[in-house]
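Visitor: Single-letter residue listing:
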Amino acid sequence: MHEMSIALSIVEAVEERARQEGAGWISEIELLVGKLAGIEPESLKFCFSAAAAGTLAARALLAIEEPEGVGECGECGMIFPVNFYYAECPACRSLRVKIISGEEFLIQSMTIEEEEE
Amino acid sequence: MCDTCGCSTEGGAVLRKPGQSDYHVHVNEHEHAHGEHHSHEHGDHHHEGSGRKVVLEQDVLQKNNLLAERNRGYFEARKIFALNFLSSPGSGKTSLLEKIIPALQQCFPVAVIEGDQQTTNDADRIQALGVPVIQINTGSGCHLDALMVNRAMKELEMQNNSLLCIENVGNLVCPALFDLGEALKVVIISVTEGDDKPLKYPTMFHEADICILNKIDLLPYVEFDAAKCRENAMRVNHHLEWFELSAKTGEGLAALREWLEGKMAQH
Ligand SMILES: Nc1nc2c(ncn2[C@@H]2O[C@H](COP(=O)(O)OP(=O)(O)O)[C@@H](O)[C@H]2O)c(=O)[nH]1
Ligand SMILES: [Mg+2]
Ligand SMILES: [Zn+2]
Ligand SMILES: [Zn+2]
Ligand SMILES: [Zn+2]
Ligand SMILES: [Zn+2]
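Same order as they appear, the protein sequences are chains V and D. Letter 48 of the first sequence, counting from 1, is numbered 48 in my numbering, and no numbers are missing. Letter 82 of the second sequence, counting from 1, is numbered 82 in my numbering, and no numbers are missing.
This is chain D alone, in the form it adopts within the complex:
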């Protein structure tokens, strides 16, 4: 049962808004008409004891993929450029957004969807920047999916021509499988992790378009070979756009900002 409204929804994701403790929306699928059995005449069927094979050849993630395409269509129609930010917990996704959004906002409107299992902490941090933000709490779920984003984007007051930043749940495995309808995937890794991380989580780095090495202010204090990390990432995906920066000091941020501004101008 839901703690906030007492409804009987079990599990599932919930949308929340910072500073509005009574606002929440359950992300449920529409009710399917599961009860409609075909009336089944047994007249001239052969009962052979063994079953009948039905070929599906259907992508397991088809439903998510179809919904992601609808999200993509919505974004395109409104000229919204959507980025899906992915990393392990603590690599600095929220910190990067906090640092870069004030600069980006000078050029175009920005909106944010925050994904976390619990709390609106990250959405509160983004709210302080004065941009529209909505929190998706996935509960036990370890990734965002296209349905959650579909519901969240309808609740978010987004202007046309916005940059939409979607911060996924901290996890380098599952979110790689779920298309949200974004234009690009951005994977973040920090220098306090291992420089072989791209090799340990190849699916994520293979799917990503941009890779950001964060916390470079800490490089003097840790054993981390940035060149090696880059090389490892490129071995998994030679199309990766590579940036090195510190969300704390702002070093290296200008290159990313200019690149994003260029993308916004083109799309």
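This is chain V alone, in the form it adopts within the complex:
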């Protein structure tokens, strides 16, 4: 279950940064998970709650934005939506398609709160 090891790396990355920032706890984490990134957002959310237990991110809300796949034809330059790697250019039928969006897998930002009183 790779979502678990990925959830742990997210928790570690945000915790490290939150400590540098002197945060009390993390209330929200924004992720960018492209539709072609090979990550199942539901499964990631499920693992995240386990991975975050007992950390500064234990109560954090995981907000996941999922950019659509976009391809660019290597023959004619057409830009079009793709939902799989074996995209074919709708204009010239070429298979030389470069994925220009949809593979993102980023921690965008987080919201940190002061120490609790």
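Keep in mind the hints are simulated off the structure, nothing from the lab. Only a predicted model underlies this, so the values are computations on that prediction, with no experimental measurement involved. Be aware that a few hints might be false.
Stretches of chain V that chain D covers, calculated by requiring three or more beta carbons in the stretch to come under 8 angstroms of a beta carbon on chain D [claimed, not checked]: (1) 47-58; (2) 93-107.
Computed far set for chain D versus chain V, every beta-carbon distance over 12 angstroms [as the list claims (entries may be wrong)]: (3) His-26; (4) Gly-51; (5) Val-55; (6) Gln-118; (7) Gly-130; (8) Cys-142; (9) Ile-210; (10) Tyr-221.
Yeah, the Cβ is synthetic: ideal placement off N, Cα and C, and Gly gets one too.
Dock chain D with the ligands against chain V, hints included.
Guide: Relative to chain V, chain D with the ligands alone:
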């Protein structure tokens, strides 16, 4: 707790060597100084009740990617050519290594890192060929990562100018996400699987550099369209280098061997 040494390490990967039952190394991260809180003066802070947004824009796999780049640097400095072998369980990764290594060894030194959740069975099979080998047991983990390979390669007595074959855990999903620092990814599929496998696991075939169709000796007995499979693989990744062979009979092995020898000479 670890069964072998009784240490308190929970889970995590373990390195083992064939025939050395008391040798094992836990793959742990160095201890982080997590205790160092910044002293935090509350003097002129505004307490607004709502939090403060901090922008990270950081790749989730950044840590693995950075370590993979270090492995890559190590391999380059020592002129080691590393291949990451990926497939479903049972497609024939270990069988292919057993068959091809004796021939490759005539031309250059070979070393192997074996990844499996449990047992040193595959490392034992490779050990019999007389090449340096180390087993990584990932426990519950379903893929190798750059840290495990980093530790394993330090334990392995590798000569400069070697070919390093890394057999990943049998799984077509997760290992695609974790760069190990290899030069090339080799995905293996056998004719007892479906010829639409490249379409079912596109991420893996998209990431791979070489695709090997194995067990072609069984083609007369199964319903598998090799040309269709190749076409499907090429639709996902038109840069794929394609080979068809049988690790059992050796048919088609020469083409792969020559291609690898060419790569070793170039790099
Ligand atoms: N008929 C046939 N069987 C093979 C071939 N390659 C591997 N096998 C068999 O497939 C099974 C799994 O092989 P193994 O190398 O352990 O697969 P791995 O899990 O990918 O390492 C074993 O029983 C092998 O003997 C082949 O080319 N032809
Ligand atoms: Mg094996
Ligand atoms: Zn997994
Ligand atoms: Zn086009
Ligand atoms: Zn131990
Ligand atoms: Zn840490």
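Visitor: Each hint needs a verdict: does it hold in this structure or not?
Guide: Results of checking the hints against the structure:
{"no.": "1", "hint": "47-58", "result": "violated (count 0)"}
{"no.": "2", "hint": "93-107", "result": "holds (count 5)"}
{"no.": "3", "hint": "His-26", "result": "holds (16 angstroms)"}
{"no.": "4", "hint": "Gly-51", "result": "violated (4 angstroms)"}
{"no.": "5", "hint": "Val-55", "result": "violated (5 angstroms)"}
{"no.": "6", "hint": "Gln-118", "result": "holds (16 angstroms)"}
{"no.": "7", "hint": "Gly-130", "result": "holds (34 angstroms)"}
{"no.": "8", "hint": "Cys-142", "result": "violated (6 angstroms)"}
{"no.": "9", "hint": "Ile-210", "result": "holds (17 angstroms)"}
{"no.": "10", "hint": "Tyr-221", "result": "holds (29 angstroms)"}
In this structure, the earlier hints numbered 1, 4, 5, 8 are contradicted, and the remaining ones agree with it.
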